[in-house]
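> Chains L and B supply the protein sequences, listed in that same order.
What the first sequence shows, in our numbering, is residues 1 to 449, in sequence order.
What the second sequence shows, in our numbering, is residues 1 to 449, in sequence order.
Treat the hints as calculated values from the structure; they're not laboratory data.
Bear in mind that the values here come from a model prediction, so they are computed numbers and not experimental data.
Misleading hints may appear alongside valid ones.
Heads up, incomplete: computed chain B residues facing chain L, CB under 8 angstroms, no partners named [claimed, not checked]:
1. N90
2. L95
3. P98
Okay, the calculated bits of chain B under chain L, using three or more residues with CB under 8 angstroms as the criterion [what the hints assert, rightly or not]:
4. 138-146
5. 167-174
6. 179-191
Glycine residues also receive a C-beta, built at the ideal position from the N, C-alpha and C atoms.
Protein chains: 2
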Amino acid sequence: MAALTAALPGGRWSTEPSVLAAHATDRSGLPAQGAPAVVVFAEEVDDVRLVLRLAHAHRTPVVVRGAGTGLAGAATATGGEIVLSTARLNRILELSAPDQLAVVQPGVITAELDSAAAEHGLRYAPDPASVAISTIGGNIATNAGGLRCAKYGVTRDSVLGLDVVLADGSLLRTGRRTVKGVAGYDLTGLFVGSEGTLGVVVAATLRLRPVPRSTATLSAHFATVADAAAASSALTAAGLQPAVAELLDGANLEAIDAAQGTALRERGAAWLLVQTDGTGAEAEAALAEDVLTPFARSVRRASDVAEAERLLEVRRLALPSLERRGRVLIEDIAVPRSLLAEAVDEIAAIGRRHDVRVATMAHAGDGNLHPIFGYDGPEVPDAVTRAADEVFRLALRLGGTLTGEHGVGLLKRQWLGDELGEESLALHRRLRTLFDPGGVLNPGKLWSD
Amino acid sequence: MAALTAALPGGRWSTEPSVLAAHATDRSGLPAQGAPAVVVFAEEVDDVRLVLRLAHAHRTPVVVRGAGTGLAGAATATGGEIVLSTARLNRILELSAPDQLAVVQPGVITAELDSAAAEHGLRYAPDPASVAISTIGGNIATNAGGLRCAKYGVTRDSVLGLDVVLADGSLLRTGRRTVKGVAGYDLTGLFVGSEGTLGVVVAATLRLRPVPRSTATLSAHFATVADAAAASSALTAAGLQPAVAELLDGANLEAIDAAQGTALRERGAAWLLVQTDGTGAEAEAALAEDVLTPFARSVRRASDVAEAERLLEVRRLALPSLERRGRVLIEDIAVPRSLLAEAVDEIAAIGRRHDVRVATMAHAGDGNLHPIFGYDGPEVPDAVTRAADEVFRLALRLGGTLTGEHGVGLLKRQWLGDELGEESLALHRRLRTLFDPGGVLNPGKLWSD
Ligand SMILES: Cc1cc2nc3c(=O)[nH]c(=O)nc-3n(C[C@H](O)[C@H](O)[C@H](O)COP(=O)(O)OP(=O)(O)OC[C@H]3O[C@@H](n4cnc5c(N)ncnc54)[C@H](O)[C@@H]3O)c2cc1C
Ligand SMILES: Cc1cc2nc3c(=O)[nH]c(=O)nc-3n(C[C@H](O)[C@H](O)[C@H](O)COP(=O)(O)OP(=O)(O)OC[C@H]3O[C@@H](n4cnc5c(N)ncnc54)[C@H](O)[C@@H]3O)c2cc1C
Chain L
1 MAALTAALPG
11 GRWSTEPSVL
21 AAHATDRSGL
31 PAQGAPAVVV
41 FAEEVDDVRL
51 VLRLAHAHRT
61 PVVVRGAGTG
71 LAGAATATGG
81 EIVLSTARLN
91 RILELSAPDQ
101 LAVVQPGVIT
111 AELDSAAAEH
121 GLRYAPDPAS
131 VAISTIGGNI
141 ATNAGGLRCA
151 KYGVTRDSVL
161 GLDVVLADGS
171 LLRTGRRTVK
181 GVAGYDLTGL
191 FVGSEGTLGV
201 VVAATLRLRP
211 VPRSTATLSA
221 HFATVADAAA
231 ASSALTAAGL
241 QPAVAELLDG
251 ANLEAIDAAQ
261 GTALRERGAA
271 WLLVQTDGTG
281 AEAEAALAED
291 VLTPFARSVR
301 RASDVAEAER
311 LLEVRRLALP
321 SLERRGRVLI
331 EDIAVPRSLL
341 AEAVDEIAAI
351 GRRHDVRVAT
361 MAHAGDGNLH
371 PIFGYDGPEV
381 PDAVTRAADE
391 VFRLALRLGG
401 TLTGEHGVGL
411 LKRQWLGDEL
421 GEESLALHRR
431 LRTLFDPGGV
441 LNPGKLWSD
Chain B
1 MAALTAALPG
11 GRWSTEPSVL
21 AAHATDRSGL
31 PAQGAPAVVV
41 FAEEVDDVRL
51 VLRLAHAHRT
61 PVVVRGAGTG
71 LAGAATATGG
81 EIVLSTARLN
91 RILELSAPDQ
101 LAVVQPGVIT
111 AELDSAAAEH
121 GLRYAPDPAS
131 VAISTIGGNI
141 ATNAGGLRCA
151 KYGVTRDSVL
161 GLDVVLADGS
171 LLRTGRRTVK
181 GVAGYDLTGL
191 FVGSEGTLGV
201 VVAATLRLRP
211 VPRSTATLSA
221 HFATVADAAA
231 ASSALTAAGL
241 QPAVAELLDG
251 ANLEAIDAAQ
261 GTALRERGAA
271 WLLVQTDGTG
281 AEAEAALAED
291 VLTPFARSVR
301 RASDVAEAER
311 LLEVRRLALP
321 SLERRGRVLI
331 EDIAVPRSLL
341 AEAVDEIAAI
351 GRRHDVRVAT
361 MAHAGDGNLH
371 PIFGYDGPEV
381 PDAVTRAADE
391 VFRLALRLGG
401 TLTGEHGVGL
411 LKRQWLGDEL
421 GEESLALHRR
431 LRTLFDPGGV
441 LNPGKLWSD
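This is chain L alone, in the form it adopts within the complex (with noise of 0.2 angstroms):
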């Protein structure tokens, strides 16, 4: 501690209790266990690789920090720990057009990226729900998904290349900046969703793809979460790849009818939103407007570009709309596509019969639910720990996983090995000690020690 402050220029480093506080749990819902013992704003790479090489030498816990906006206790910090914060290393390094990539500073808002990357007729894809809050450096991390990963892929699908001080300070570059590339094994993919365990990622070389020429946008009511999902199913047996598919169950939309004085909740049980995008968007809407008519209660295409904004921003809505009754736990299994109405059915009878409130949505393209458990109170109880329990074997019994998107942290660690198995948790264990030997890289996420 001493060394690390007397190193580091002033005003980068804190430890104001109100500031230890502020950086000691996430948005997961965790409440914090203590505090940590100073937080780092890293302004340059140097600043990183400097608490790394003492935190090396001294065996002190590094919990490496972007906007703690995750969902999963992965960017949580306990007494002794020092955070080390890349939020200030925020540029954008280069921006190129031709190439369709930017290099980016970890701490680079998504949103903003996204932005910068639109003044070319350019658009970074991975559009997490968060993207106004969240920072690319922990969308790397986390590998996080978004509305259109259900035809533009993952954070992961999106990373070319990164730079990345290692756990002794060393600094490793991995990837390229071509589009293509096989020389030496795939590092880059190893970090993304590593979740702050095998490095810290200082920069990132990011591909970039055109803003699609057209969108076109359906909405769709069903009498059951059962028919959408079926006229989901259907939408892929067609060869359909609408870029956004979105399932909201009925009580998504009782709570949003709740809070926003809508009227979903009497149109039907299940709300489909599904929007086409490219030089097809048109026909592609029509074909899968065909396609989903025979289960619906109702289709409706969206008129105009602002109709289909106020559609997007009603599905961003459920969240804040069930956040308005209690506190709530967001899960976040995938299943394969096929058993997505199994899926959404068995979370409603497990919520039942732990008498726990529950609402799912899903990304119906890719198979992905957020079952929202709501409860009062400042703990979790009990039965919605259960039930949550229940929610993860679930997805392993349909042959999914426990998280699609949110990665792991502490949330889930506790099944972490029950999908995994023993052989791959060994290994796991003894890749994560070749890259921090002195386990100072955030010990305790991902399996506990």
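Use these hints to put chain B with the ligands onto chain L, whose structure you have.
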């Protein structure tokens, strides 16, 4: 050896000199440096495990082999080594249309999977020009690209999960059946492109995609390669993303004319073949035609599928036509897309400087170039080696890579350190040792020991 042949059922191994000779090298043009001691034809996963357990115990090198169509010398084997062929592990274990995935053994021929998928209106997107002869296991181990990867990505983008036998014979399962998932590190990605050095793929869960509803094909001739490259960049700048964008230089066209009796070269010194697909294929081709026209001597839209097929066939004839003139050394650099013209021109200049024949074909959509050096006689002449060396340096100088899709193997191992840097190469070594502490898997490939 004695333990191996005693433990394996007869018919699953051979020490016949002709069989050994047939498994000593690949299609890279590297002459065989001796022959392996035995070739094992695994018919069950347990055969693979057995071979690795014994090899691990006795520290005997194992070269995994698919179809041996590799172009990097990654499947070559010399004295004392065991060749472990996965070619007979060739069953499609599952094909799920609703989940758009297949589970296959590694010896399945790429085109056979594609045909099986076609019965469900689906396809396996990665289409190396060797689809008819290469195996899925080899494609995965080299992260093979293909014509369609401009739009649909490389092999990596279609691999959801793997079953891998590790160096000690243990079995690891990675990845998942779901489209998305972030539980644990991306081990799947680490095995993809690892050229048989980290483990033996014994099963793969692969993503399938709908066959596009329609395609449209453009054939454009240009006065110079620079014009063709500028036209290709203009397509990118216009926000168009063709599924195929293949460029052949004048030397290729001359070779095709000589071998096939066509008259392509007189239409210009560069040819660009562009295919759009999807619901918007026609509209996108119309836009592309407008973009190409100002740069081109002529642009023609294929009038039907048969004509489009003929054009693709002409593209595929380039390599065989060059091979009619003598032996070839096929290189595989990639550069940032904006530097395509510069790269092609520099390659031609390198050829002139060293007085060697060189023809360049490029996957223009992603900046991946194949300079094909021609020579006579059995050994690669020094002038060709020197020219190839200059090509690699050119790739690195332009911010590119030694290999876009073929891999490193033996052929490029001496340059790998130049691309990765010492820090990264050292990490590569440590990773490989972690997976294969006895150093039995494909020793000498990627780098020399
Ligand atoms: C309203 C809301 C909506 C959301 N919607 C989505 C969604 O649609 N899809 C989705 O995937 N997620 C979503 N999230 C979750 C969250 O926004 C993402 O996980 C995001 O990627 C976290 O970014 P961050 O900068 O806040 O990272 P943090 O929360 O600060 O950190 C997350 C993890 O990244 C690591 N990390 C951060 N920076 C670095 C770095 N420079 N180097 C190495 N490791 C680093 C941390 O150690 C930690 O393990 C949502 C969250 C909220 C609050
Ligand atoms: C005419 C022609 C055209 C080609 N076109 C292309 C092209 O367009 N794009 C492209 O990318 N490549 C192309 N190639 C190169 C080659 O076809 C690919 O590299 C292909 O992926 C190799 O597959 P294979 O089964 O022949 O593998 P092999 O050559 O047998 O082996 C290649 C590598 O994979 C490893 N391997 C094989 N099976 C396994 C397994 N089960 N587990 C672990 N490792 C394994 C081997 O050890 C070796 O390192 C072409 C080759 C030819 C001859």
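> Can you tell me if the segment 167-174 of chain B counts as covered by chain L, using C-beta to C-beta distances under 8 angstroms and a minimum of three residues?
holds (count 5)
> Given as covered by chain L, does the segment 138-146 of chain B meet the bar of three residues or more with CB within less than 8 angstroms?
holds (count 3)
> Regarding the hint that L95/B lies at the interface with chain L, is the smallest CB-CB distance below 8 angstroms?
violated, 13 angstroms
> Quick check on the hint: P98/B CB to chain L CB, less than 8 angstroms?
holds, 4 angstroms
> Check, residue by residue, whether the segment 179-191 of chain B contains three or more positions whose beta-carbon lies closer than 8 angstroms to a beta-carbon of chain L, and give the verdict.
holds (count 11)
> Restraint: N90/B near chain L, CB-CB cut 8 angstroms. Satisfied or not?
Violated: closest Cβ of chain L sits about 24 angstroms from N90/B, beyond 8 angstroms.
Hint compliance for this structure: hints 1, 2 are broken, all remaining hints hold.
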